[in-house]
Structure formats: C-alpha cells, structure tokens
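Colleague: From just these sequences and the hints, can you work out the full model?
Chains as they are written, first to last, in the working numbering: chain A, 17 to 127; chain B, 34 to 150.
It cannot be assumed that every hint is accurate.
Cut-off 20 Å, straight-line C-alpha distance, at most; resulting in silico cross-link-like pairs (EDC-like, lysine to aspartate or glutamate) [what the hints assert, rightly or not]: (1) A:Lys19 to B:Asp90; (2) A:Lys19 to B:Asp89; (3) A:Lys19 to B:Asp133; (4) A:Lys114 to B:Glu77.
A few chain B residues that don't get close to chain A, going by computed Cβ distances all over 10 Å [as the list claims (entries may be wrong)]: (5) Ala35; (6) Val45; (7) Tyr51; (8) Glu53; (9) Gly61; (10) Gly84; (11) Ala87; (12) Asp96; (13) Thr109; (14) Lys111; (15) Val149.
The hints are simulated quantities; they were obtained by calculation from the structure and are not laboratory data. Just so you know, these numbers come straight off a predicted model, no measurement behind them. We put the CB at the ideal spot given by N, CA and C, even for glycine.
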Amino acid sequence: SQKIEQNSEALNIQEGKTATLTCNYTNYSPAYLQWYRQDPGRGPVFLLLIRENEKEKRKERLKVTFDTTLKQSLFHITASQPADSATYLCASYNQGGKLIFGQGTELSVKP
Amino acid sequence: GAGVSQTPSNKVTEKGKYVELRCDPISGHTALYWYRQSLGQGPEFLIYFQGTGAADDSGLPNDRFFAVRPEGSVSTLKIQRTERGDSAVYLCASSLRAGDSGQETQYFGPGTRLLVL
Numbered sequence: 017s018q019k020i021e022q023n024s025e026a027l028n029i030q031e032g033k034t035a036t037l038t039c040n041y042t043n044y045s046p047a048y049l050q051w052y053r054q055d056p057g058r059g060p061v062f063l064l065l066i067r068e069n070e071k072e073k074r075k076e077r078l079k080v081t082f083d084t085t086l087k088q089s090l091f092h093i094t095a096s097q098p099a100d101s102a103t104y105l106c107a108s109y110n111q112g113g114k115l116i117f118g119q120g121t122e123l124s125v126k127p
Numbered sequence: 034g035a036g037v038s039q040t041p042s043n044k045v046t047e048k049g050k051y052v053e054l055r056c057d058p059i060s061g062h063t064a065l066y067w068y069r070q071s072l073g074q075g076p077e078f079l080i081y082f083q084g085t086g087a088a089d090d091s092g093l094p095n096d097r098f099f100a101v102r103p104e105g106s107v108s109t110l111k112i113q114r115t116e117r118g119d120s121a122v123y124l125c126a127s128s129l130r131a132g133d134s135g136q137e138t139q140y141f142g143p144g145t146r147l148l149v150l
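Modeller: Shown next, in the form of structure tokens:
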C-alpha cells in the first residue's frame, strides 16, 4: 500500500543550527509533496508544497527538496529558533485523492 | 471566524454511548475531510466529502462510524456504541476543491479530543 514514512525519533538541536527532517514514500510516485507544522493541541498548518519536477523550494528559512530517485523529501529549517519547536508532518495525495500523512517528526530547538 | 472550527473541543463519554462531533469548514470550500490522530502518529484519513456526498469513506474503521454533510457545509461525525479504542483526536479539514490534482492545501480545525472511559 502507499506509505509515507518519517523518522519518528524526536530531533533535538541547538538554536541557530539547521534542522533537517526526512520523509520517504513507498509504493507510489506522488506528483506533489506537502509539509505541515503541528503544535500541541492544534491542527496541522500547511507550510510548503513541492512538485516532483522542482528539485528544491524555499520559503524564508525553510527549504524543501524532492528526490524522485531516492523517493525522498528533505525539509530544512535554517537558523532555527525555539519557536520552530513543533511536529512536522509530510503528506501527499494518493491516487484516490486522499491525503496520506507520515507519522511526523517532533523538533525541539534549545536556546 | 475565517478558519475551520470544531465542536466540542473536548468530549468525555462512557463506553457504549453515542457521540456527535461537528465541523464547520471554511466558507466556500467544497471538500471536507475527517481524520483521526492518535498520540505520536500523523492524522489518519477517515472520510471525505465533495459537496454533500461522501466521495471516499474507506477510512472509516467499522460501521459504528458514520458522517454526514447534508447541505454541503457543516459536517457531523457520528460514533455509535463508543469503545475505549475510539479515544483519539478527531480532526476536520477543508479545501477549496477535492484533492484529485494533488495540489490542494487542506485547512485544519483544532480537533475534538475524545476520551472514552
């Protein structure tokens, strides 16, 4: 079945460093990948969408890559801040039009 | 407000009872989605509506779960004979159109935290 997998281990980094989160997909080839941020007690909030023919996309301190050979997307936050601490979710629509999510990676940025 | 709203924010019920969870999507959004999220997991798809009709209900775990969207706006998720395993956060989302193109952004509500004792 179509799956999206993220590293379930929490990522702890120091303020100012770059955080890198990984998303791998199996058994399908999505045309788009989406990244969402989720804070405790809240619903996910859309951050970025990347198309399969876009190797890289940037928005302020965020950068997303899409490698169709590795079947992987990387999500980077540069110059990280404590306010970036949250869970980050990778998602993609499957062929049936359903948005499938990974399990999310919790990021903690320490001052 | 301009966002997706869900009520109640928290619901505590006893095993075997019936519950209804409500979702108010963003005005003008034709697609509405329900998800269930357990601790440490991503949202798990339950059902989505395009207009008034359920376009895909393949994620509903069993026939105790049912959802309606009678006028193409507000939706209600109904759970009969609740079980302890139904305890989770139930998220609702809406998008301008259905996700067939793969590009649609979904806008999520804050969720309803359901606890079945």
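Colleague: Now tell me if each hint is right for this structure.
Modeller: Okay, the hints, checked on the actual structure:
{"no.": "1", "hint": "A:Lys19 to B:Asp90", "result": "holds, 18 Å"}
{"no.": "2", "hint": "A:Lys19 to B:Asp89", "result": "holds, 18 Å"}
{"no.": "3", "hint": "A:Lys19 to B:Asp133", "result": "holds, 18 Å"}
{"no.": "4", "hint": "A:Lys114 to B:Glu77", "result": "holds, 10 Å"}
{"no.": "5", "hint": "Ala35", "result": "holds, 14 Å"}
{"no.": "6", "hint": "Val45", "result": "holds, 16 Å"}
{"no.": "7", "hint": "Tyr51", "result": "holds, 24 Å"}
{"no.": "8", "hint": "Glu53", "result": "holds, 19 Å"}
{"no.": "9", "hint": "Gly61", "result": "holds, 17 Å"}
{"no.": "10", "hint": "Gly84", "result": "holds, 14 Å"}
{"no.": "11", "hint": "Ala87", "result": "holds, 12 Å"}
{"no.": "12", "hint": "Asp96", "result": "holds, 20 Å"}
{"no.": "13", "hint": "Thr109", "result": "holds, 18 Å"}
{"no.": "14", "hint": "Lys111", "result": "holds, 20 Å"}
{"no.": "15", "hint": "Val149", "result": "holds, 19 Å"}
The earlier numbered hints are all upheld by this structure, with none contradicted.
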